[in-house]
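J.: Protein chains in written order, with the numbering used here: chain C, 1 to 316; chain V, 1 to 396.
Hints may be right or wrong, so weigh each one.
What the hints assert, rightly or not - Under the rule of at most 16 Å between Cα atoms (straight-line distance), these lysine to aspartate or glutamate pairs were calculated in the EDC-like manner:
id: 1; chain 1: C; residue 1: K134; chain 2: V; residue 2: D35
id: 2; chain 1: V; residue 1: K83; chain 2: V; residue 2: D347
id: 3; chain 1: V; residue 1: K298; chain 2: V; residue 2: D271
id: 4; chain 1: V; residue 1: K298; chain 2: V; residue 2: D168
id: 5; chain 1: C; residue 1: K134; chain 2: V; residue 2: E60
id: 6; chain 1: V; residue 1: K199; chain 2: V; residue 2: D168
Calculated from the structure, these hints are not laboratory results.
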Amino acid sequence: MLHEIGLALLRIIVVFGVALLFVAYLTYLERKIIGHMQVRMGPMRVGPHGLLQPIADGLKLFFKEDIVPYEAYKLTFYVAPLICLVCALVLFAVIPVSKSFMITRINIGLLYVLSIASVGVLGIILAGWASGSKYSLLGGLRSAAQMFSYEIFLGFSLMGPLMIAGSLDLAKIVEVQKVPMLIYQPVAFVIYIIAALGEINRVPFDLPEAESELVAGFHTEYSGMKFAYFFLAEYANMLVVSAIATIVFLAGWKGPFLPGWVWFLIKLFAFVYFFIWVRATFPRYRYDQFMQIGWKIMLPIVLANIVVTGIVMMLI
Amino acid sequence: MAVKDEKQFKELFAKGTSLGKVEEDVMREAFKTQDLWVNMGPQHPSTHGVLRLILALQGERIVDMEVVIGYLHRGTEKLGEFKTYHQFIPLTDRLDYIAANAMNHGYVVAVEKLAEIEVPERAEYIRVLMAELSRISSHLLWLATHALDIGAMTVFLYCFREREMILDLFEMATGGRLTTTYFRIGGVADDLPEGFIDKCKEFCEIFPERVKDYDDLLYKNRIWLSRTVNIAKISAEKGLSLGLSGPSIRGSGVNWDLRRSNPYSVYDKLDFEVAVFDGCDVYARYLVRRKEMLESCKIVKQCLEWLEKNPGPVRAKVPKVFKPPVGEVYAAVEAPKGELGYYIVSDGSTRPYRIKIRAPSFANLMSLPEMCKGHLVADVIAAIGSIDIVLGEVDR
């Protein structure tokens with residue numbers, strides 16, 4: 001009994017420690033990659049090739065003055081970033097990094113991920129509302145509309161693969177795949193990637209924090225560690241979304257020669273790299289155009305995909 | 001009948017007034033919507049300086065808009081009355097600091113017209129060369145910030161890479177990078193330094209290739225198109241009546257470029273096309289400036305060729321204590337942002353009696369509310385970018 005609890009705790013510490021470190025270094029990676037894409041160096045000053053930059057950033061944010069606007073609703077203002085971060089980190093609990101390495105295996109893993117992710121939106125809306133600033137309010141409202149609608153497509157795009165896999169258990173989904181699901185479900189894959197971009201608020205769909213119009217949107221008024229929570233949550237979500245894509249569409253840890261967790265990380269970072277690459281390339285959509293793409297183009301396609309998958313499965 | 005509150009409603013109800021109508025009024029009162037007033041600027045990353053906009057929003061749609069300026073007012077025109085004609089030149093640099101040479105150009109042309117000074121031809125070519133380099137650098141800065149506003153981050157750094165080359169050239173010739181103060185009444189400060197022409201030629205070789213880089217990221221990009229096509233439209237008549245000029249009006253199909261329509265310096269000897277597109281929208285204005293950069297590059301090449309072959313003086317003899325005859329004059333040049341005019345009144349003394357600057361950004365800014373009404377907040381950003389304002393020039 002004690003032995004088991006100890007083991008579980010160890011796993012939790014390892015996964016969360018690694019996750020937080022990853023998230024911190026993800027910011028470094030993004031700055032470096034985008035830097036080189038934009039003919040510049042990225043961070044270079046702190047440590048060799050700026051390797052200590054995320055730590056320096058963390059320390060700086062930690063010591064920053066914690067400003068709460070006069071107009072803000074205090075309690076909500078404090079709670080909102082926590083909701084965001086906690087929801088983002090809790091998701092790591094069910095991600096199977098390799099066959100035997102996951103904090104917990106629950107038979108509704110995917111459902112758990114989708115539902116916790118929805119709760120995370122609450123944090124953003126509350127943050128926008130509680131700041132008492134018009135810009136933040138606009139940002140918060142935008143993200144409410146955006147994330148609710150894109151969760152629908154995200155969920156629906158996973159429906160096809162689910163029907164094939166026949167399980168919501170993330171480990172089972174990987175085990176079922178003889179060849180990557182991508183081959184059976186290319187349409188779902190594309191929709192998933194687009195919806196994921198919307199879900200994690202990244203270019204070209206980074207409307208809630210549209211820097212140029214809303215001046216950072218929902219987190220305009222946040223500073224110091226509270227801002228860092230949003231920041232971490234955002235990058236953690238990026239990792240989770242990539243992890244789900246890896247698991248559902250690219251057969252997770254499976255692959256020849258290398259150990260499972262290496263394959264998992266390779267695939268994961270392929271997605272992460274893609275998200276960063278997109279950010280360096282595209283402008284931003286306008287809010288209404290973005291919703292139009294979602295409801296008028298993606299929803300019919302993704303529904304058709306489910307129907308077609310169903311019919312093909314019936315026939316085979 | 002308007003019902004103000006519940007109390008009145010109850011009174012009316014007690015009196016037995018027809019319920020249907022009253023209820024309707026109460027409902028209307030209760031659900032009355034109000035515009036959301038948002039203050040954009042003067043501290044806002046996308047208003048390109050200290051421009052302040054007051055927006056009335058319904059949701060995210062703009063119902064009304066007011067432009068508030070004056071946050072960068074330095075009284076340049078008034079200052080001019082206390083400076084000699086020579087001393088005023090550095091102040092013109094600080095109007096549109098993105099294209100200081102073009103600002104110099106307008107002023108010296110006006111003064112020379114007033115005093116009827118003959119400028120050596122070599123000086124004219126050097127002026128055109130510098131003004132066109134300024135135009136490229138100004139348009140590069142515009143493209144960089146405009147793209148950044150719409151979210152395309154990489155274009156920003158690409159453009160700054162090329163702008164850096166131009167600034168290096170300026171530094172070589174004038175010692176300054178931003179506020180160059182290179183033009184003088186009757187010519188330019190000094191001849192071009194050794195090695196300048198080669199370095200400038202190198203830039204002219206590289207630049208068209210680099211424009212292709214920007215095109216790869218924007219020109220046919222679906223997202224870029226959906227953000228710019230049919231956004232912030234303004235018709236030619238409306239634009240003209242609001243005093244829109246420069247690339248902004250050429251994007252509405254009006255073929256009006258002072259370099260062609262009213263040639264000054266040596267523009268009539270140079271071969272270039274005036275960029276005109278008739279989309280009337282943000283995208284058309286983007287196309288105009290994009291083409292202008294390439295055309296300016298052509299002009300620079302021609303100037304370089306001429307300058308290589310024809311050495312000579314670069315400054316006419318103008319006395320240090322310079323007293324133009326009594327009179328008044330208006331002269332305009334095609335600055336990167338539009339028609340830049342100087343109206344100078346002279347009373348025959350060493351100082352101008354009055355200088356009025358017709359700044360293109362100021363006039364162009366007035367068409368912003370016209371462009372933005374009915375659009376979304378995000379479009380305001382695109383519209384501001386597309387008329388390319390510099391606040392130093394708006395406020396003077």
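J.: It remains to establish, for every hint, whether it holds in the given structure.
T.: Here is what the structure says about each hint:
Taking the CA atoms of C:K134 and V:D35, the gap is about 12 Å. The hint holds against a cut of 16 Å. Pair hint V:K83 plus V:D347 holds up; C-alpha atoms about 14 Å apart against a cutoff of 16 Å. Distance hint between V:K298 and V:D271 is fulfilled; the C-alpha atoms sit about 8 Å from each other, no more than 16 Å. Distance check on the hinted pair: V:K298 and V:D168 sit about 19 Å apart at the alpha-carbon level, beyond 16 Å; violated.
Distance restraint check for C:K134 and V:E60: the Cα-Cα separation of roughly 12 Å lies within the 16 Å cut-off, and the hinted pair is therefore satisfied. Note on V:K199 and V:D168: the hinted pairing holds, with a Cα-Cα distance of about 10 Å set against a maximum of 16 Å.
Taken one by one, the earlier hints fail for this structure only at number 4.
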